[in-house]
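**Student:** In the order they appear, the protein sequences are chains A and B. For what it's worth, the numbering used here labels the leading residue of the first sequence as 1, then goes sequentially. For what it's worth, the numbering used here labels the leading residue of the second sequence as 101, then goes sequentially.
Bear in mind the hints are in silico, worked out from the structure with no lab data behind them. Note that the Cβ used here is the ideal one computed from N, Cα and C, for glycine as well. Be a bit skeptical, because a hint or two may be false.
Chain B is faced by these chain A residues, among others (derived, beta-carbon under 10 Å) [unchecked claim]:
#	residue
1	22
2	23
3	52
4	79
5	85
6	88
In case you want the letters, here they are:
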Amino acid sequence: MSPAQPAGSRPAAVFTVTFDGLPIAASPGQTVAAALWTAGVTAWRGTRGGGRPRGVFCGIGVCFDCLVTVNGRPNQRACLVPLRPGDVIRTQEGTGHEDG
Amino acid sequence: MAERTRLAVVGAGPAGLAGALAAAARGVRVTLVDAAEQAGGQFFRRPAEAFAARRPPAPHPREHTWERLRDALDRYRAAGTVTHLTEHHVWCVERLPASRGFAVHALCGPAQEEGVTVRADAVLLATGGYERVLPFPGWTLPGVVTAGGAQAVLKGQLVLPGRTVVVAGTGPLLLPVAAGLAEAGARVAALVESAGPRALLRRAPALAGQPGKVAEGVHYAARLLRYGVRPLARHTVVEAHGADRLEAVTVAALDRGGRLAPGTARRVRCDALAVGHGLLPHTDLAETLGCALSGTDVRVDTEQRTDVPGVWAAGETTGVGGADLALAEGHIAGRSIAARLRGTAPDPRAWAVADRARTRLRAFAAALDAVYAPPSDWVDRMTDDTTVCRCEEVGAGRVREAVGALGAGDARSVKLLTRAGMGWCQGRMCGPAVAGLTGCPLTPGRRPFARPVPLGVLAGLPEPRPD
């Protein structure tokens with residue numbers, strides 16, 4: 001049931017990032033959201049109120065539903081942020097801050 | 101603070117590109133400011149540069165137009181006439197006192213925390229649009245994405261939202277989205293369009309005036325047939341199902357009046373739903389500048405001038421009408437700007453071709469708008485626990501309570517009572533639903549900043565000098 005990568009797209013170099021501690025493959029220019037979709041992950045945030053799972057919705061940086069914690073910084077838009085080798089992605093619970 | 105330029109163009113989609121190129125061709129120094137890594141906007145979105153994909157999954161239907169724009173942009177950049185600032189997210193355009201022009205404030209850097217300001221004598225707002233999605237039960241489940249979002253991620257990142265996709269809603273965007281997903285390898289389980297063929301027939305004269313655009317739709321429909329996808333007209337997605345992610349949707353037929361036809365509901369298994377109900381213009385920058393709007397669109401004159409001197413607007417921000425209309429409007433704006441910056445009045449005969457295209461395409465857009473109306477009972481079909489405001493997790497029931505028991509008569513009162521529209525997206529996603537539940541027309545949101553701005557950037561702005 002994981003989202004697929006269509007044919008014709010052969011990223012040149014592949015590097016590793018982690019999502020909640022597990023390694024996933026990424027390539028230069030790939031956004032956090034695209035790498036997570038490719039790895040079969042569709043949700044990476046729990047809402048502040050109901051703790052409901054969320055992932056990409058608008059895909060173009062308008063809706064802020066895909067917020068995620070990257071390298072310790074919460075509230076990054078997964079659909080916009082490009083990945084770099086070694087990036088540490090974590091599911092964001094609530095505001096992503098301790099007091100959240 | 102960056103060097104002062106003659107013209108700042110905000111947005112590098114079709115309208116912004118056409119405007120920047122038309123002005124640059126007439127000797128205007130242009131700074132093109134855009135949020136994306138590459139020019140093109142949503143319409144001409146390409147795979148990320150570093151992605152090293154040899155070519156996009158399918159050739160763009162307007163490949164030649166794109167190549168012409170790209171080559172011209174490259175030429176003017178090499179000549180130093182156009183400066184292209186990529187990955188610059190404009191959050192405010194400020195009108196400076198005493199005719200000192202404009203300050204275009206943007207955020208850049210990996211975390212968008214660096215402030216950059218471009219000074220300009222004139223501004224062209226070509227900020228495009230975003231998708232309207234009308235809520236229904238289950239629309240917040242992971243796997244439900246906007247139709248345009250599914251297309252953007254496919255075009256830019258070559259990734260599919262799922263293996264089995266339902267495309268649903270209303271509007272001319274659904275056909276190309278479904279065709280693109282099918283060609284990239286997704287199984288399109290259903291293409292669900294709430295408009296009926298009769299609505300199309302009623303508008304036939306206006307649509308026939310633009311045979312090329314109608315052919316484009318037929319072309320996508322034919323491509324879909326190759327994958328065994330037949331659009332389901334006058335149908336709608338009633339509900340999305342799943343525990344923690346999308347597993348299926350319920351699809352039902354609509355009657356002639358646009359209401360649910362009893363006994364027609366059926367379940368379609370899917371792991372992604374790409375849904376959209378047309379586009380809305382981005383008008384935040386124009387509103388902060390004080391530009392007049394008509395309805396949700398920035399109001400412009402025949403030269404694409406807003407009512408604020410020195411500010412032009414073109415493309416979806418002045419009314420949603422597609423890439424060709426945006427190109428025509430941008431071109432006219434660029435020519436007008438070049439003349440006005442020289443202190444002369446432009447001769448409209450110089451852009452007669454673009455003017456005719458603009459007239460024709462606006463009529464076409466108006467006809468499409470009437471055809472692709474959402475189902476008439478969409479407001480009633482939101483259950484009380486259907487989330488309306490995705491950011492603040494406000495259900496339709498609480499909005500109804502604010503309107504009914506508490507007497508809220510507009511979106512602003514609903515926001516104050518319920519927090520709907522107060523979150524990260526600043527009501528862009530829930531605006532249409534709140535307006536529908538409140539029974540008032542959708543009005544622009546009055547957002548002083550077009551996106552969240554770090555306090556450090558605000559604190560670092562220079563003090564306005566009295567002069």
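**Student:** Determine for every hint whether it applies to the structure shown.
**Tutor:** Outcome of the hint check:
The interface hint given for residue 22 of chain A is broken, as the beta carbon of that residue sits about 18 Å from the closest beta carbon of chain B, more than 10 Å. Given the 10 Å rule on beta carbons, the hint for residue 23 of chain A is violated: about 18 Å separates it from the nearest Cβ of chain B. Satisfaction of the interface hint for residue 52 of chain A is found here, the shortest Cβ-Cβ separation to chain B being roughly 7 Å, below the 10 Å cut-off. Using the Cβ-Cβ criterion of 10 Å, the hint placing residue 79 of chain A at the interface with chain B is satisfied: the shortest such distance is roughly 7 Å.
Interface hint at residue 85 of chain A: violated, since its Cβ lies 12 Å from the closest Cβ of chain B, which is beyond the 10 Å cut-off. The interface hint given for residue 88 of chain A is violated, since its Cβ lies 14 Å from the closest Cβ of chain B, which is over the 10 Å cut-off.
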